[in-house]
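Trainee: Sequence:
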Amino acid sequence: MESQVGDGRSVDLDGERLEELAPQPLLTRDYETRPSLVYERLRQRHGAVAPVDLLGVPAWLVLGYRESLEVLQNDAGWPKGLENWRARSEGRVPADWPLAPSLEVNHVLIQGGPDYRPLRTAWDAALKPFQDPRHPQAKRLKTAVTAYADELIGLVGRAGGTGWADLSAQFARPLPLMVASHLLGFPGSQGDDALMDMWRVLDAGPDAEPALERLLAALAELGAGKREKPGEDFPSYLLAAHPDLSLDQLARELFMLLGMTSDHVGILISNTVVEVISGEGGVRASLSAGMVRESMNRVVMRKPPLVNFVPRFAAEDTPLGNYTIRAGDPVWVSSAAAHADPLFAGAVESATTSTRAHLAWGAGPRQCPARELASTVAAVGVGRLFERFTHLDLALPVDQLPWRSSPFMRGLRSLPVRYELAATPETAPAPVPDTEPAATGLPDPQVRQRSSLWSYLTGLIGVGR
1 MESQVGDGRS VDLDGERLEE LAPQPLLTRD YETRPSLVYE RLRQRHGAVA
51 PVDLLGVPAW LVLGYRESLE VLQNDAGWPK GLENWRARSE GRVPADWPLA
101 PSLEVNHVLI QGGPDYRPLR TAWDAALKPF QDPRHPQAKR LKTAVTAYAD
151 ELIGLVGRAG GTGWADLSAQ FARPLPLMVA SHLLGFPGSQ GDDALMDMWR
201 VLDAGPDAEP ALERLLAALA ELGAGKREKP GEDFPSYLLA AHPDLSLDQL
251 ARELFMLLGM TSDHVGILIS NTVVEVISGE GGVRASLSAG MVRESMNRVV
301 MRKPPLVNFV PRFAAEDTPL GNYTIRAGDP VWVSSAAAHA DPLFAGAVES
351 ATTSTRAHLA WGAGPRQCPA RELASTVAAV GVGRLFERFT HLDLALPVDQ
401 LPWRSSPFMR GLRSLPVRYE LAATPETAPA PVPDTEPAAT GLPDPQVRQR
451 SSLWSYLTGL IGVGR
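Numbers 1 to 465, taken from this note's numbering, label the letters of the sequence shown in order.
Heads up, some of the hints might be wrong.
Label pairs and their computed distance ranges (CB to CB) [to be verified]:
(1) 142 to 24: 27 to 35 Å
(2) 400 to 228: 47 to 55 Å
(3) 77 to 98: 26 to 34 Å
(4) 154 to 24: 26 to 34 Å
(5) 228 to 16: 51 to 59 Å
Using 20 Å as the maximum straight-line C-alpha spacing, the simulated EDC-like pairs for lysine to aspartate or glutamate come out as follows [what the hints assert, rightly or not]:
(6) 142 to 232
(7) 139 to 150
(8) 139 to 232
(9) 229 to 207
(10) 142 to 420
(11) 229 to 213
Rather than coming from a laboratory, the hints here were simulated on the basis of the structure. Even for Gly, the Cβ is constructed at its ideal location relative to N, Cα and C.
Could you build the full structure based on these sequences and the hints that come with them?
Mentor: The following block contains the structure:
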């Protein structure tokens, strides 16, 4: 059977297998600088699904919006779980493949098989108090996010009422990490050291491996404490909903929460700030009218933080796009490419499709369990920035902002701005007083000032002025 692709060539649907196609590398210099061009070239050559090389391992990349939904919404036909990967089972994935460590930490976003459903149910139960706006914990969370945002903005302001700052390093990245410490219920400033290690892991530098070991050990120790003395925090709620979790399993789930809430939310905050600063005047006006969420939806349409989802695998030989995906083949859905699909992008431009139709949080039964939590943190953070700063202006032209790309995420390396703080800044409401420090996540200021995170942030004050 043959089919026409974008450039008019015919593709044999029942012919060559993935490993025989000699796919071109995806993670090139072009991909780092202009991924949209790479997606478009693949679309023109292959259609909605393209064979690619991921650092030496062949995979299918889904570029079409309709095809992405088909995969994401059919968990039985396209399951997760590395046990479903034929090439890996046959020993054809190199032991030192760079992406292996990210995919082999078995947690709720990676896991497949019968263990997934009880774990996801426990996740949903543990997150509900923080995501249900009627719950006291959700109200305390918003109070904490606002207080953290003001704390970071105040730190920026130590360099003066006007000046230069890197809003990525000094606000967008630390804010969700501090919120994650609140969710985990770290005592005192102990969470700050773990957050710095999470930062090192995300940056994938030479110290990432020992940082990961320290972080998992700290999370296991935290989990042991919560098992002995539960609190009003995510680990305690997760253990209550899934008491059979071992400390090792719990540490992996907490690691996933840290990573998901930090990198994803931090990128979303930075991208939204850039959109507001560089957009038309009406964009900022819409924020004051309470339209932060809508602005964020439009941002993730064009620049989703999570550009490629973790792989799924064909349960059986299945036609998709212009190819037949063989049972056990890895399939990576690209939300960034799907949003640029002319069939979808055209519908959005003509306002026939809601901005909420984006795939930034996935779709179907395995949609991100913390999407409401993450959206709330980002919205509160962005809103607080534009309440506290009377002026924000990019210190670089928008097309010269430095980006960092990975197989999964795409975000700014830095967000240099010139700022002017409000003359009399509003202060965040005080934390709810009947909550213990471990539950609020707001340590004593003197304790905070001695932490590694705060030392790092203090060292950034006024840099680049």
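Trainee: Would you mind marking each hint as holding or not holding in the structure?
Mentor: So, going through the hints one by one against the coordinates:
A hinted range of 27 to 35 Å is violated for the C-beta pair residue 142 and residue 24, which are about 46 Å apart. The beta-carbon spacing between residue 400 and residue 228, approximately 52 Å, falls within the hinted interval of 47 to 55 Å. Taken as a hint, the range 26 to 34 Å holds for the pair residue 77 and residue 98, whose Cβ atoms sit roughly 29 Å apart. Restraint check, residue 154 to residue 24: a C-beta distance of roughly 49 Å breaks the suggested window 26 to 34 Å.
Against the hinted window of 51 to 59 Å, the Cβ-Cβ separation of residue 228 and residue 16 comes to about 57 Å, which satisfies the hint. For the suggested pair residue 142 and residue 232, the alpha carbons sit about 15 Å apart, so the restraint of at most 20 Å is met. For the hint linking residue 139 to residue 150, the alpha-carbon distance of about 17 Å falls within 20 Å, and the restraint holds. For the given pair, residue 139 sits about 13 Å from residue 232 by alpha-carbon distance, which is consistent with the 20 Å threshold.
Distance check on the hinted pair: residue 229 and residue 207 sit about 33 Å apart at the alpha-carbon level, beyond 20 Å; violated. Between residue 142 and residue 420 the alpha-carbon distance is near 25 Å, which puts this suggested pair outside the 20 Å criterion. A C-alpha spacing of about 24 Å is found between residue 229 and residue 213, which places the hinted pair above 20 Å, so the restraint is violated.
Violated hints, in rising order: 1, 4, 9, 10 and 11; the structure is consistent with all others.
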